[in-house]
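So the chains spell out like this:
Protein chains: 2
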Amino acid sequence: MTAAANLAQANLKHEVADFKRRRIREEASHLFFEQGYESTTLDAIAQRLDVTKPFLYTHYANKTELLYDICRTGILQSLAAIEPILMDRTDSAVGRLGRLVEAVLTIIFDFQEFIVVYEREEKNLDEVQAREIREHRSLFDHKLATLLEQGQLAKEFEIVDAVLTANTIGGMMTWVALWYRSGGKRTRYQIVSHTMAMVFSVVGANRQDQSALVAAARR
Amino acid sequence: MTAAANLAQANLKHEVADFKRRRIREEASHLFFEQGYESTTLDAIAQRLDVTKPFLYTHYANKTELLYDICRTGILQSLAAIEPILMDRTDSAVGRLGRLVEAVLTIIFDFQEFIVVYEREEKNLDEVQAREIREHRSLFDHKLATLLEQGQLAKEFEIVDAVLTANTIGGMMTWVALWYRSGGKRTRYQIVSHTMAMVFSVVGANRQDQSALVAAARR
DNA sequence: CTACATGTTTACTTTCCAGTATGCAATTGA
DNA sequence: TCAATTGCATACTGGAAAGTAAACATGTAG
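Taken in sequence, the protein lines are chains A and B.
When we follow my numbering, the leftmost residue of the first sequence carries the number 1, and every step to the right adds one.
When we follow my numbering, the leftmost residue of the second sequence carries the number 1, and every step to the right adds one.
Treat the hints loosely; a few may be bogus.
What the hints assert, rightly or not - One-sided excerpt, in silico: chain B residues whose CB lies under 7 angstroms from chain A:
| # | residue |
| --- | --- |
| 1 | 40 |
| 2 | 42 |
| 3 | 112 |
| 4 | 116 |
| 5 | 120 |
| 6 | 122 |
| 7 | 171 |
| 8 | 189 |
Said to hold, decoys possible - DSS-like mimics (lysine-lysine), calculated; alpha carbons at most 25 angstroms apart, straight line:
| # | chain 1 | residue 1 | chain 2 | residue 2 |
| --- | --- | --- | --- | --- |
| 9 | B | 63 | B | 53 |
| 10 | B | 53 | A | 185 |
| 11 | B | 143 | A | 123 |
| 12 | A | 20 | A | 53 |
| 13 | A | 155 | A | 143 |
| 14 | B | 185 | A | 123 |
| 15 | A | 185 | B | 185 |
| 16 | B | 143 | A | 143 |
| 17 | A | 143 | A | 185 |
| 18 | B | 123 | B | 53 |
Since the hints were derived computationally from the structure, they do not count as laboratory data.
Using N, Cα and C, we set each Cβ at its ideal position, and we do this for glycine too.
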């Protein structure tokens with residue numbers, strides 16, 4: 001076997017391993033979402049994947065390691081999604097805030113179960129794991145607060161307490177994850193545009209800016 | 001023993017029994033809040049009260065009955081607190097909404113652990129118990145939406161979707177329960193007045209009405 | 001003094017599940 | 001064709017905790 005082939009095989013193996021981990025995460029997350037972490041047995045997760053319990057242990061050291069991986073997902077995705085938006089200094093603060101809300105809600109719809117599991121099951125993590133994730137979460141809030149302050153400086157927003165307002169906006173988006181059910185009375189677009197409008201109200205954004213952006217979100 | 005004395009004794013007994021149930025609820029709620037429902041043993045609850053496990057069974061049929069009683073608390077308190085406010089037709093919609101926010105946040109501070117436990121552990125309830133509580137919760141949202149519609153008719157508010165807005169306002173208040181820690185950087189009054197201001201923004205209330213009420217909340 | 005009721009405990013059972021030791025089958029390389 | 005490694009399963013262990021049976025202590029009534 002050539003070195004190139006060897007490398008190719010090694011990559012494929014890693015890809016397969018990553019894929020298996022992803023599938024374990026997905027099924028575990030689904031069961032944790034529906035039944036709770038403690039009420040979900042590793043046997044039940046294995047059964048959904050048509051494998052056995054020891055198989056799971058070849059990919060995750062133990063049950064909390066699996067929970068940790070699930071809990072990280074939502075916040076890491078959100079941080080990755082907002083980074084380029086926040087960096088785009090060609091756009092106004094209002095524009096960036098609107099795009100941020102849309103991007104984060106998209107993550108929330110796509111990774112809803114992961115996010116809800118984190119919100120509910122955080123206390124089952126090791127202290128080290130929990131702290132790491134909480135730091136990511138703080139970073140998110142901090143970045144959002146910074147955007148709000150920029151908008152305030154630019155006279156686009158009227159905000160009394162940027163930290164508290166950022167926290168509330170984060171909460172408004174997380175709250176969507178906690179109640180949204182696909183097939184409900186509101187479409188995703190309705191929720192995105194309505195949330196965006198409320199976020200704009202909360203930061204005291206100019207009405208003209210708002211309506212154009214909300215309409216854009218409806219597409 | 002006279003009939004009157006008999007009755008008095010019976011009442012005292014009930015009061016004592018109620019008190020015992022309340023203390024069990026409080027300690028259980030505290031442990032569920034800190035460790036989660038499944039990770040909390042009945043022995044641990046008993047130990048905090050300096051009694052034994054079978055003692056708990058003389059007051060609660062089983063563990064989920066106890067959880068059910070805890071989960072009911074927050075929503076029942078909230079419903080009771082908002083009822084007189086909503087009924088007060090002498091007050092404007094803005095005024096009633098402000099008082100509602102203050103009243104509900106007071107409940108949220110006083111019964112924080114009960115509320116958080118409900119949010120996290122609802123899935124551990126029987127289907128029957130869960131449905132009953134969810135109906136109370138819907139009733140709350142419905143009453144709030146009705147108030148918003150009244151304010152809209154009175155031209156006090158500008159609202160696109162009263163149901164979604166009521167849901168969001170409920171979420172903003174519940175979110176406080178999920179992150180607030182006494183001894184944090186914000187006082188309760190700061191949180192109440194800031195939340196009230198954001199709620200007023202979200203319903204598009206007139207700025208004049210707002211500031212007077214927010215100031216009143218600061219007392 | 002006796003019988004009964006009330007309130008609480010001691011001691012037990014039973015079930016369940018995370019984690020593991022061991023074994024086996026298939027693929028790979030020489 | 002024969003090791004050897006990889007990838008999984010079978011089968012087990014150990015401990016924990018919900019729920020219960022039965023005893024016990026304290027007071028109450030007759």
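- Against the structure shown, which of the earlier numbered hints fail to hold, in ascending order? 1, 2, 3, 4, 6, 8, 10, 11, 15, 16 and 17
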